[in-house]
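Take these sequences, add in the hints, and give me the full structure.
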Amino acid sequence: MSKAVNKIWINGQVQEASLPVFMATDRGALLGDGLFETIKVLAGQPCYFDDHWARLCTSAKFLNLPISFERASTLQGLVSLTRCNGLTDGVARLTLSRGMGPRGLDLPVNPDPVMMLTTAHGLPHYDHAPVLGLSQIKRNACSVSSCHKTLSYIDNIAARMQQTSTIKRDEVVILDTDGHIASASAANLFWWDEQVLYTPALGGAIIPGTMRARVLVKAHDLGMEIQEGLYRPAALLTAKGAFMTNALLGMQLLFGLDFGPEGAVRFTTHSSPSFMAFMAPLLSMLGGGANKTSPPA
385 MSKAVNKIWI NGQVQEASLP VFMATDRGAL LGDGLFETIK VLAGQPCYFD
435 DHWARLCTSA KFLNLPISFE RASTLQGLVS LTRCNGLTDG VARLTLSRGM
485 GPRGLDLPVN PDPVMMLTTA HGLPHYDHAP VLGLSQIKRN ACSVSSCHKT
535 LSYIDNIAAR MQQTSTIKRD EVVILDTDGH IASASAANLF WWDEQVLYTP
585 ALGGAIIPGT MRARVLVKAH DLGMEIQEGL YRPAALLTAK GAFMTNALLG
635 MQLLFGLDFG PEGAVRFTTH SSPSFMAFMA PLLSMLGGGA NKTSPPA
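Heads up: the sequence shown runs through residues 385 to 681, numbered per the working numbering.
Note that these hints are calculated values from the structure, not bench results. Accuracy of the hints is not assured; some may be wrong.
Claimed, not checked - Simulated crosslink set (SDA-like; lysine to any residue; CA at most 25 Å straight-line):
1) K624 to D511
2) K552 to P617
3) K552 to T622
4) K602 to E578
5) K445 to S668
6) K391 to Q429
7) K522 to H532
8) K602 to L586
9) K445 to K624
10) K445 to H532
11) K445 to I394
12) K552 to R650
13) K522 to D539
14) K552 to L632
15) K522 to T466
16) K391 to P508
17) K522 to D554
18) K391 to V405
19) K624 to E609
20) K552 to D539
21) K391 to L507
22) K552 to A513
23) K602 to A664
24) K522 to R616
To be verified - Restraint-style ranges between C-beta atoms, simulated for each label pair:
25) A408 to G607: 52 to 60 Å
26) G470 to L403: 18 to 26 Å
27) L491 to P645: 19 to 27 Å
28) C468 to Y432: 18 to 26 Å
Even glycine gets a Cβ: it sits at the ideal position worked out from N, Cα and C.
Listed below in structure tokens is the structure:
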């Protein structure tokens, strides 16, 4: 993501990214009162835009947050912006704020929401399969920000900052306040044991990831046994292997975990016959996730 972004799209208008965007009383900037979606762009085209739009609409309805543009005009604006910025492969972000409002928490009587589209060149990647740490921050199953992509992302930021180990990892496992596995700070988690694929169930402390949903559909199509539920860390620590998913990474295999009652755990089954028979078809169907399986240097 090294190239500078030249233009942004805001409420239907394209402007220089260096120009002011939000007013001083904007609730998204002041209170985190808004939502966002991060969308992968390949060959200049947004990937799975409808999945992101559906999630945005679901969360906006829950928050009584008006969406100021229709799906078609937003998609058209995003495609136009990628061309304007010369973006081939990279990232697009859709930000929706409730807009300006009076001081305090009460909702504005006549909200004037702000929708902004931005792009960035390049995609995040790992040079090697990552090792995940454990965060000291817990996800609250009753918190709106635990299950909706709100503009208040401070818990996710703090999760990477506050790790249990002195060795700080780029990504971490987050538990909920009851001690169950929730997710990584910016990804959903999956693991397998024998012939069963596991992932934490939705319903509180879990963001309903777009790639998570696609993995479950593809796994079902392949006839894989899937179990969604509440799991303690021991389930992940004793798994045969694990991976994480998000819209930008796709599926990223994990090399290991930097926590556990007896120290670090390393997954060593990625090249085994059982792995090839069980997981490789799923990775192949979803594409791009079977690389970067080597250990960290």
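Evaluation of the provided hints:
Taking the CA atoms of K624 and D511, the gap is about 22 Å. The hint holds against a cut of 25 Å. Simply put, K552 and P617 have alpha-carbon atoms about 19 Å apart, close enough for the 25 Å limit, and the pair holds. Pair hint K552 plus T622 holds up; C-alpha atoms about 22 Å apart against a cutoff of 25 Å. Restraint check for K602 and E578: satisfied, since their Cα atoms lie roughly 18 Å apart, inside the 25 Å limit.
Only pairs whose Cα atoms come within 25 Å are accepted, and K445 paired with S668 is rejected, the gap being roughly 35 Å. For the given pair, K391 sits about 17 Å from Q429 by alpha-carbon distance, which is consistent with the 25 Å threshold. In summary, the hint linking K522 to H532 is supported, as the alpha carbons are separated by about 16 Å, within the 25 Å threshold. With a C-alpha separation of about 18 Å, the suggested pairing of K602 with L586 holds against the 25 Å cut-off.
Annotation: proposed proximity of K445 to K624 is violated, straight-line Cα distance about 40 Å (limit 25 Å). With a CA separation close to 11 Å, the supplied pair K445 and H532 stays within the 25 Å bound. For the proposed pair K445 and I394, the alpha carbon gap of about 21 Å is at most 25 Å, so the pair holds. For a cut-off of 25 Å, the pair hint linking K552 to R650 stands: about 17 Å separates their Cα positions.
For the proposed pair K522 and D539, the alpha carbon gap of about 8 Å is at most 25 Å, so the pair holds. Restraint check: the Cα-Cα separation between K552 and L632 comes to about 22 Å, which is no more than 25 Å; the hinted pair holds. Pair hint K522 plus T466 does not hold up; C-alpha atoms about 37 Å apart against a cutoff of 25 Å. Between K391 and P508, the direct Cα distance comes to roughly 21 Å. Compliance with the 25 Å bound is thereby established for this hinted pair.
Distance hint between K522 and D554 is fulfilled; the C-alpha atoms sit about 17 Å from each other, no more than 25 Å. About 12 Å separates the Cα atoms of K391 and V405, which keeps this hinted pair within 25 Å; it holds. At most 25 Å may separate the alpha-carbon atoms for a hinted pair to count; K624 and E609 meet this at roughly 15 Å. Among the hinted pairs, K552 with D539 is consistent with the structure: their alpha-carbon atoms are about 17 Å apart, no more than 25 Å.
With a C-alpha separation of about 19 Å, the suggested pairing of K391 with L507 holds against the 25 Å cut-off. This hinted pair checks out: K552 and A513 have alpha carbons roughly 16 Å apart, not beyond 25 Å. For the hint pairing K602 with A664, the CA-to-CA distance comes to about 12 Å; that is within 25 Å, so the pair holds. A hinted pair counts as satisfied when its Cα atoms are at most 25 Å apart, and K522 with R616 qualifies at roughly 13 Å.
The hint said 52 to 60 Å for the Cβ distance between A408 and G607, and at roughly 56 Å that hint holds. Separated by about 19 Å at the C-beta atoms, G470 and L403 satisfy the suggested range of 18 to 26 Å. At roughly 48 Å, the beta-carbon separation of L491 and P645 lies outside the given 19 to 27 Å, and the hint is violated. A C-beta distance of roughly 22 Å is found between C468 and Y432, which places it inside the suggested range of 18 to 26 Å.
Checked against the numbered hints above, the structure breaks hints 5, 9, 15 and 27 and satisfies the rest.
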